[in-house]
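Protein chains: 2
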Amino acid sequence: MLFYSSMRYVSAYLLAVLGGNEKPSAKDCTAILGSVGIEVDAKQLKTVIDSLNGKNLEELIAEGMQNNVEV
Amino acid sequence: MLFYSSMRYVSAYLLAVLGGNEKPSAKDCTAILGSVGIEVDAKQLKTVIDSLNGKNLEELIAEGMQNNVEV
Chain A
1 MLFYSSMRYV SAYLLAVLGG NEKPSAKDCT AILGSVGIEV DAKQLKTVID SLNGKNLEEL
61 IAEGMQNNVE V
Chain B
1 MLFYSSMRYV SAYLLAVLGG NEKPSAKDCT AILGSVGIEV DAKQLKTVID SLNGKNLEEL
61 IAEGMQNNVE V
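These protein sequences, in sequence, are chains A and B.
If you read the first sequence in the numbering used here, its first letter stands for residue 1, the second for the next number, and so on.
If you read the second sequence in the numbering used here, its first letter stands for residue 1, the second for the next number, and so on.
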């Protein structure tokens, strides 16, 4: 469950980066997640963003996989 | 470059699945990609969707990683 919830945030963040947004904000991620009907836990999202900001694309994907391992 | 373009589609598809859409369509993925300003190559998107439909979440993530390896 922890995996699924953090994976959402990492995926939205990754997609924002793929779209050319170098430093997606909580607002950016919330908008993306809203477009697929996912409600955001603001605290959880902030934690994820704080841990992802400044990482490059390869690191973001590795982060997503780490979450996978933590299931 | 191939990686970046297919990764976009896989990410959008994954996000749709995380949002509870069991079988995202090209239209669903296009809407998500549009929300981050990514223009869709319909042919390429169709190819990705055709290869992802019916896969579970774990397989989708593995697929994303495979694309990573192909860079």
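Hints are supplied without guarantee of correctness; some may be wrong.
A pair holds if it fits inside one copy or across any two, identical chains being indistinguishable in the list.
Stated by the list, open to error - Capping the alpha-carbon separation at 25 Å, the derived lysine to any residue pairs in SDA-like fashion look like this:
| # | residue 1 | residue 2 |
| --- | --- | --- |
| 1 | Lys43 | Ala62 |
| 2 | Lys23 | Lys46 |
| 3 | Lys55 | Asp28 |
| 4 | Lys23 | Val40 |
No lab work stands behind these hints, which were simulated from the structure alone.
Structure-based check of all given hints:
Proximity of Lys43 to Ala62 under the C-alpha cut-off of 25 Å is restricted to the intra-copy arrangement: shortest distance 22 Å within a copy versus 28 Å between copies. For a Cα distance limit of 25 Å, the shortest separation of Lys23 from Lys46 inside one copy, 13 Å, qualifies, whereas the shortest one across copies, 29 Å, does not. Taking CA atoms no more than 25 Å apart as the test, Lys55 paired with Asp28 passes inside one copy only; the shortest distance there is 17 Å, against 28 Å between copies. Proximity of Lys23 and Val40 under a CA criterion of 25 Å is satisfied in both settings, with 18 Å inside one chain copy and 22 Å between copies.
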